[in-house]
Amino acid sequence: MTARSIRGVAATAMAGVLAAGAVACSTPGAGGDGGAGGKDSLVVGLANEPETLSPLLGYGKDGNSKVFDGLLRRDAAMKLRPALAAELPKVTDDGRTYTFTLRRGVKFSDGEPFTAKDVVFTYRTILDEKTNNAAKGELDAIDKVTAEGDDTVVFALKYPYAPFAERTVLPIVPEHVAKGQDVNTGSFNTAPVGTGPYVLTGWSKGEKLTFKANPGYWGGEPEVKKLTMAIIKDDDVRATRLRSGDLDGAILPPNLAKGFKGDKTKRTITAKTTDFRGVTLPTANKVTGDTAVRRALDLAVDREAMVDKLLEGAGRAGYGPVPTGSEWFTKGTERPHDLEKAKKLLDDAGWKPGGDGIREKDGQRAAFTLWFPAGDKLREEHALAFASDAKKAGIKAEVRSGTWEVIEPRMKDDAVLAGGGNPADPDFDLYNLLHSSLALDGFNNMAAYANPDVDKALEEGRRSGDKAARKAAYDTVQRGLADNPGYVFLTHVDHLYVMNDAWKDLSTQVEPHDHGLGAGPWWNVEDWQPKK
Amino acid sequence: MARMAGRRLLAAVPLLGAVTFGVFALAAASPFDPARAHAGSAGLGARQDVLDQLRENLGADRPFVARWWEWLSAALTGDLGDSLSLRQPVSQVIGERIGWSVLLCGVAFVLAVVVGTALGVLAARRRGGLLDRAVTSLSYTLEAAPPFWLGLLAIWFFAIHLGALPAGGLTDTGTDVATAGQVASHLVLPAGVLAVTQLPWFVLYVRQGVGDALAEDPVRGARARGLSERTVLLGHALRSGLLPVLTLIGSRVPELITGALLVETVFSWPGIASATVEAATKVDFPLLAALTVLATAAVLLGNLLSDLLYGLADPRVAHEGM
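Read top to bottom, the protein sequences are chains A and B. Okay, so the first sequence: first residue is 1 according to this note's numbering, each after it adds one. Okay, so the second sequence: first residue is 533 according to this note's numbering, each after it adds one.
Because the hints were derived from the structure by calculation, they are not lab data. Bear in mind the structure is a predicted one, so any value in this text is a computation, not a measurement. Glycine included, each C-beta is placed from N, C-alpha and C at the ideal position. Incorrect hints may have been included.
Unchecked claim - To give an idea of the interface, some chain A residues facing chain B are shown, with a C-beta separation under 8 Å as derived from the structure: (1) 132; (2) 137; (3) 228; (4) 246.
Stated by the list, open to error - Derived DEER-like restraints, expressed as beta-carbon distance ranges: (5) A/341 to B/685: 48 to 56 Å; (6) B/562 to A/334: 40 to 48 Å; (7) B/560 to A/182: 20 to 28 Å; (8) A/180 to B/543: 42 to 50 Å; (9) A/233 to B/584: 28 to 36 Å; (10) B/694 to A/532: 33 to 41 Å; (11) B/598 to A/334: 54 to 62 Å; (12) B/595 to A/350: 51 to 59 Å.
Could you put together the complete structure from these sequences and hints?
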């Protein structure tokens, strides 16, 4: 190598270094590193962390996944809107065929185009039996999914299934990235690529997830450029960090949210939910299987008191999985607290008070065991309140705690303080909780509820494409549940969020029981505008 | 010396095998269901056939001896299997986290040894004095205090009450990049607490060792020769008094690891120890088995290290006999 060429190489290298330096300097300081407080960055505190970020294993299946989009999405009123689909699906073949036309020109954040192949790959992979996706049962109706050209996807269902479109908010995964790696443990679980408004920039497990705005997002680049979701399990620590300014917003239990009432810079946002708590009344148990006992318990519980005392007002009395505020709720099925009527029902049915105040009938004591999952304070409080109300009517519920492994084998005979709720469609909760074919199948229908009229109406409700017919069917279901309450539903629990008051028009959706990072006021953070 | 090291390493092989066997046996005996743990909250709505399929995919229904043998033979080829709870290969979990654990434990350990030795020497210089009594009683108190309690106390005082130091994590919540300054300020509390939990042993051992040495003939001789008190204390008494501390260094490794388990959890430190807690609570046995091997190896190495150091420091100790 001559001296001249060495000089040449050195000069080129130097130019390269300078150029790199210039590029580095001109990179816009997106969000900056200033932590909370900036208008284009948002730091929120959550209680729970997703186990995976791969939709193939269940991440984001109810929408708002930030990194991904579904074919459809839900707006603030929970109405379905097109996302990766260009329009709502065409339903043909008596509700058995759903045809989606896809939005054109959408690219994944790695620059590759989104096509029908990706949709087919996503659904087929989830339904593959080697894929460890515990929520795949939600897609049970799918018989096959096929692509027609680059921009049409056709779902053929096994049976007419009216709420199917609600399932298609499921995030779509790029085939070219996720294919070829182990779906259960591959790097896609921690380093996802999607079409969504945000791109994952880091995930420190147990600590936080960080995202930056996707400049090529088909819906326009979000104003909030940098999004951090801190995982803080302890409620008190989360509240402290919110107060110290480390966080811009956080989910908090009612007693801690109250502490921010006087703070002018913060506002509390209450999300209505379908998140219910209720007691299963097992059919096989001689006491809880008795219709008179069921109806008496249903009347003896003081739901309003539970909302006031246990939830500090942040919730509503619940008479079924469908909350009273929902359009699907059957007016007139509310059962107000009436202890005298409950006692009379039991007297008439032959349950007579014994020596210790607990009723008896034909030598059978009106007593049963009520389990709650250990460590769940809210369920514990509900269980104790339920037991105390039941005692007033002369029925003894012995409250015990255990892990799900302990509880599950006992569910046939013992009551459980259950929780759940999915707002998207009444079929999701009602069918799983009440249809006799799912009795004690996993954690579905834990009470082994069996009511032929209800079964028939549930099937009618999921098959009919006509909304009025569905409403009539679910009215039948809710009336059937009121006449023979196989569960005593207690409350619907509101979710409270405390936020810095720095953005316009914050809202929440109706939230499900499992509220991950897609719930809360930041469900639509991509649309937020700063207050001037 | 090399022969001793080799012999120890050979002896470690069956031991590690037995330890992993124990982990898999415990897994089989535990009432927890890996399929349900894997499904998490989605499992509460899952139908039985989905859960059964999941159990089959995870191999959770096969006898544990078969699973252990499969795991062991795969591990010998370098494939440690996949973590169920973190949805990642185990080797990747370890690779991402071990550095942070080594940093935390290393800083805490060096701090404990240095500060412990200094305090021990100061206490031994005037036994029964005010400083000695203060240091000794503080040591006994700290030894009795559980690390997680000290951790919570430190968070309450330094992070919440004073607001001087971050309460947890590796960096500030709003920051992505782990810069040296960020990590350093976040390291102070966890490393400090971990060091404090290890400190009492070193203080007490050094105090005893140096105190005894001060009464021995070589020290009396040194004083008789008119050497300065400083030289007597550091050059003569400390040197012979340090011998038991060298043994201590090795035997403290298990305590350091259990201390780290608690400290990393309290301070959300993204290290190996917090992954161990995660693995145990989520019934993630492939990860737990690998981490147990790692902890066992660390203990064995600690013991080996202290024996080697002892031999180097005291020529009377012959390695061949060990």
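- prompt: So which hints don't hold here, by number, going up?
  reply: none
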